[in-house]
Amino acid sequence: MRLRLISCEIFFREMCALIARSPHTIDVEFLPKGLHDVGTAEMHARLQAAIDRIDNTPYDAILLGYGLCNNGIVGLTSRERQLVVPRAHDCITLFMGNASRYMDYFETHPGVYFTTTGWIERGGADGELSQLALGKQLGFLQTYEEMVARYGEDNARYLQEELGNLTRHYRQFTFIEMGIEPDGSFEERTRQDAAGRGWTFEKVQGDLGLLRRLLDGQWDETEFLIVPPGFQIVAKYDEGIIAAEPAG
Amino acid sequence: MSLFEEMQQAIIDGKAPVVKELTQKALSEGIKPADIFPKAIVPAMDEVGRRMRDCEFFIPEVLIAARAARAATDILRPLLVGDAAARPAGTVVCCTVKGDLHDIGKNIVAMMLESAGFRIIDLGADVSAEKIVDAVRAHDANLVAMSALLTTTMVNMKSVIEALAAAGLREKVKVMVGGAPVTESWARSIGADGYGKDAPAAVDLARSLAAA
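From first to last, the protein sequence lines are chains S and R.
In terms of my numbering, the first sequence is residues 1 to 248.
In terms of my numbering, the second sequence is residues 1 to 212.
No false leads were mixed into what you were given.
Chain R side only, calculated, beta carbon under 8 Å to chain S, not exhaustive:
#1 Gly14
#2 Ile59
#3 Pro60
#4 Leu63
#5 Ile64
#6 Arg67
#7 Gly99
#8 Leu101
#9 Ile104
#10 Ala125
#11 Thr151
#12 Met154
#13 Ala180
#14 Pro181
#15 Trp186
Simulated pairs of lysine to aspartate or glutamate, DMTMM-like, Cα-Cα distance not exceeding 25 Å:
#16 R:Lys131 - R:Asp193
#17 R:Lys197 - S:Glu42
#18 S:Lys236 - S:Asp220
#19 R:Lys197 - S:Asp37
#20 R:Lys20 - S:Glu153
#21 R:Lys197 - S:Asp238
#22 R:Lys20 - S:Glu161
#23 R:Lys158 - S:Glu245
#24 R:Lys158 - S:Asp104
#25 R:Lys197 - R:Asp54
#26 R:Lys158 - S:Glu239
#27 S:Lys236 - R:Asp193
#28 R:Lys25 - R:Asp83
#29 R:Lys20 - S:Asp154
#30 S:Lys236 - R:Asp126
#31 R:Lys158 - S:Glu107
#32 R:Lys25 - S:Asp154
#33 S:Lys236 - R:Glu162
#34 R:Lys131 - S:Glu107
#35 R:Lys131 - S:Asp104
#36 R:Lys158 - S:Asp238
I should point out that these hints are in silico values taken from the structure, not numbers from a laboratory.
Idealized CB from N, CA, C, for every residue including glycine.
From just these sequences and the hints, can you work out the full model?
Written out as structure tokens, the structure reads:
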């Protein structure tokens with residue numbers, strides 16, 4: 001098959017490793033990890049634009065390297081081609097290899113922040129995207145000095161307390177090792193970050209299986225949603241997570 | 001500018017120490033504590049809500065205004081105990097749902113509801129359905145306001161509504177939901193009574209639900 005992959009750059013190393021070994025011919029466009037921070041409407045618009053700008057190469061399917069991602073993929077549609085989308089809330093399912101393993105871990109490990117190579121080395125919202133980031137729009141991302149100038153010292157101290165640390169309830173870094181890391185440096189960096197914040201550290205083994213099946217064309221419907229041409233993605237909030245319905 | 005107008009302006013400007021001072025001044029001038037709510041605090045916070053809706057105010061401005069309003073309510077609350085004229089607009093149990101640790105939005109909604117005259121039972125973040133049921137019962141609440149920031153945790157809102165029903169409390173309380181991934185249709189699908197897309201909308205919703 002000839003496939004087109006549109007993927008979040010958080011999977012850069014994983015996707016490249018899997019594309020190299022896929023039986024299919026896969027073209028790929030990576031989109032910035034910062035789309036995670038710009039809100040549902042903007043993320044949707046950027047992803048839809050990536051679908052719409054695909055040329056007339058006879059692709060058999062468009063693969064999305066995304067989870068539901070805070071509803072950022074809801075409404076995506078292609079007129080001519082089928083979309084294949086993993087049934088996942090977010091990228092952690094794709095790193096862990098299946099949704100139930102992620103949910104089990106999520107429920108038994110409150111306050112965990114996950115890291116992977118892509119999380120560590122790929123940018124947050126930078127450049128043009130940083131201006132669109134919700135935190136910026138909502139006024140979160142000001143320095144203490146800016147807040148003092150704007151709201152006075154007393155208020156700035158209060159705001160620092162309320163907004164300064166968005167991860168104040170988190171208490172652990174979990175590094176997901178995918179087996180594609182060049183060395184131990186990414187793990188080490190996560191260990192250091194954990195120590196710096198006084199958080200615990202854990203390493204879990206990731207599983208490339210789900211991403212591999214996406215790229216290899218093994219699209220079992222329990223794991224993947226196939227969106228026929230002219231249909232769009234909708235969120236379901238049940239076991240299936242997402243579904244397809246006729247585009248309006 | 002009247003004293004009430006001065007208080008309103010100080011709340012809107014987020015000047016907590018000024019609000020505190022003016023509240024004490026009002027009381028020393030013989031103004032009834034129960035009058036300060038509808039004449040100063042509520043209109044000021046309604047204006048803050050309007051500015052937020054119109055994108056003139058962002059989260060920091062809203063937070064410091066709510067904090068300034070709290071400087072007044074902290075003084076007034078103890079004076080209002082047992083005052084029939086100052087019955088709270090309703091009692092709201094609020095929290096983020098089980099598994100969800102993101103509470104900034106919930107905190108803002110709680111503060112805005114408080115300054116709109118609601119009694120707030122804030123259970124914090126990552127709260128189980130059982131705790132919510134217990135709190136509704138213990139505080140005789142008529143509203144539950146819960147939020148989730150993740151699609152993984154918003155499903156837990158449904159469990160809360162089911163737990164309220166199982167405890168025989170569903171008829172007694174209105175349930176409102178909010179948070180980034182939450183939508184009107186999700187609220188309807190789980191049987192919630194309303195969805196607030198932001199803090200000012202949550203205040204409007206709480207008012208209409210409490211009046212219903």
